[in-house]
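2 protein chains.
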Amino acid sequence: MKIILCEVNISEGENLEVIEEVKKTITNVKGVKVIDVNSDKNHNRTVFTYIGEPNIMLECTKKLASKAVELIDMTKHTGSHPRIGAVDVVPFVPIKGVTTEEAIQMARSFGKYMGEQGVAVYYYEDAALKPERESLVNIRKGQYEGLEEKLKNPEWMPDEGPAEFNAKSGAMVTGVRFSLVAFNVNLNTEDVEIANKIAKAMRHISGGFRYVRAIGLSITDKKMVQVSMNLTNYTKTPIHRVMEAVKSEAERYGVTIAGAELVGPVPMEALEEVVKYYLKVHDFSLGQIIENNLLDEVQ
Amino acid sequence: MKIILCEVNISEGENLEVIEEVKKTITNVKGVKVIDVNSDKNHNRTVFTYIGEPNIMLECTKKLASKAVELIDMTKHTGSHPRIGAVDVVPFVPIKGVTTEEAIQMARSFGKYMGEQGVAVYYYEDAALKPERESLVNIRKGQYEGLEEKLKNPEWMPDEGPAEFNAKSGAMVTGVRFSLVAFNVNLNTEDVEIANKIAKAMRHISGGFRYVRAIGLSITDKKMVQVSMNLTNYTKTPIHRVMEAVKSEAERYGVTIAGAELVGPVPMEALEEVVKYYLKVHDFSLGQIIENNLLDEVQ
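Chain order of the listed sequences is A and B. All the letters of the first sequence, read from the start, carry residue numbers 1 to 299 under UniProt numbering. All the letters of the second sequence, read from the start, carry residue numbers 1 to 299 under UniProt numbering.
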């Protein structure tokens, strides 16, 4: 059983009729569950988050994006959030049983389809075809207003679709990234320097784990400090390994862990690894979880 | 979101038409998922295992049991498995978000309904009304053949339904028990005495945890020994506590843990506790698991 999550960011956060029309393409679809629809007027942007089986998700996402391209006119768009097109960014996020490779195939199939509809498409993150296109910030630099110029630069030839500027729809970015796991560890000390040192030891940029971003913080109301982390690929840098490393570094200062927090959504596979590590159950599989029998029903 | 599991044991394991008729009452019901239907000709017995939301499950189970009572004639039943009636045993097993109290209410509502249909009903395990009726073995002693005599004894007055012997249907046992977690820990030694000592330290009967049954075993092909355990109530004796106790006892003999096994089905709540303990995530909830959004779909 395979599950993928899709997070479609469209450049419309005010016009409820448009948002509703776009939303209709993914509601009441068997096998697809809409988790969240978040509209921000100030950003003039809506994010649709939904999950389901890869094939159905791909079909739904094509329909959603086509509808947004049909109804949104970028020549009239203003908003405080950076954006490059009507369908701005579409990450495919593997949740269960989906390899990075399979997710990339989905993003490419989706990108090809949107290219054929006349939208310039760039692949980013794990689906990027060039290193300089891995970063969304890089691709979106200059935004919609700078796109016409950008497309004249051979270096920014789109991965799919026409290199001519499509004023109505702009460009689209799609690709694959992993679900971000927000993991904070609270330490029984008020010395924020200790949290900073441990954060430094954990984060990729200063020599730590490849898929960890980390900072140290004071939590003054609790008289504690916190190592606040984002794990950007829990399959390659799993939660338990980070937990054990934080614990080990805290010990050198004689500091104990007061508790930790998993903030927001977490894929079951990220927790499967925690169970397997700590209980040493090498052969455990998610299929053994009784409730997971119910998941088949959906598909 | 609440999930209960039901495991209905009926006294028919050969006649496929009857089994199919009974099975029909629980298939294609929205919100109910049949996990397993296991017929044994020798036992002349079929076990239906299915899960779903408590209200729907109660309705389904009434229908299933009524159908079995209609189609099965105990005067003609033979089989090698102990049994006391056409619908022999019906445990309700809390899986998610269901308290023992709520499950007992279900069992009682089901028992009352079956009593009204002329079946003598006994409540067992967590739903028992008298200590001597907690044990299924006790209630079933003498089996169907001894039931007519047993019902004449005021001590065995049924909890629901007539005290007169119903020759066609016999009696029924229903109640509440927790999902059994089979947890084995393998030790890096060939000395089975060490496994025996640790098993003794863990099991309830010899002073260990209230809800643990344990034995020591040799696994000759792996040159290891095993502490083989059944956890009969993971909410009161959680897996991690048993794991840590085994680890601690193994250490005194200088023996390390080679690995462990969770055998067969496990409720998600049993693993939630493992994650919360080892990651120290005191506020984590199952609602944060992305896939669990899909479970709503079923209901």
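Worth flagging that the hints you see were computed from the coordinates, not collected in a lab. Owing to the predicted nature of the structure, the values given are computational and were not obtained by experimental measurement. Any given hint could be a false lead.
As the list makes no split between identical chains, a pair holds if one copy fits it or if it spans any two.
Using 25 angstroms as the maximum straight-line C-alpha spacing, the simulated DMTMM-like pairs for lysine to aspartate or glutamate come out as follows [stated by the list, open to error]:
1. Lys150 with Asp126
2. Lys247 with Glu273
3. Lys276 with Asp221
4. Lys63 with Glu160
5. Lys197 with Glu59
Here is what the structure says about each hint:
no.: 1; hint: Lys150 with Asp126; verdict: within (23 angstroms within a copy, 70 angstroms between copies)
no.: 2; hint: Lys247 with Glu273; verdict: both (18 angstroms within a copy, 20 angstroms between copies)
no.: 3; hint: Lys276 with Asp221; verdict: between (35 angstroms within a copy, 23 angstroms between copies)
no.: 4; hint: Lys63 with Glu160; verdict: within (18 angstroms within a copy, 57 angstroms between copies)
no.: 5; hint: Lys197 with Glu59; verdict: neither (47 angstroms within a copy, 59 angstroms between copies)
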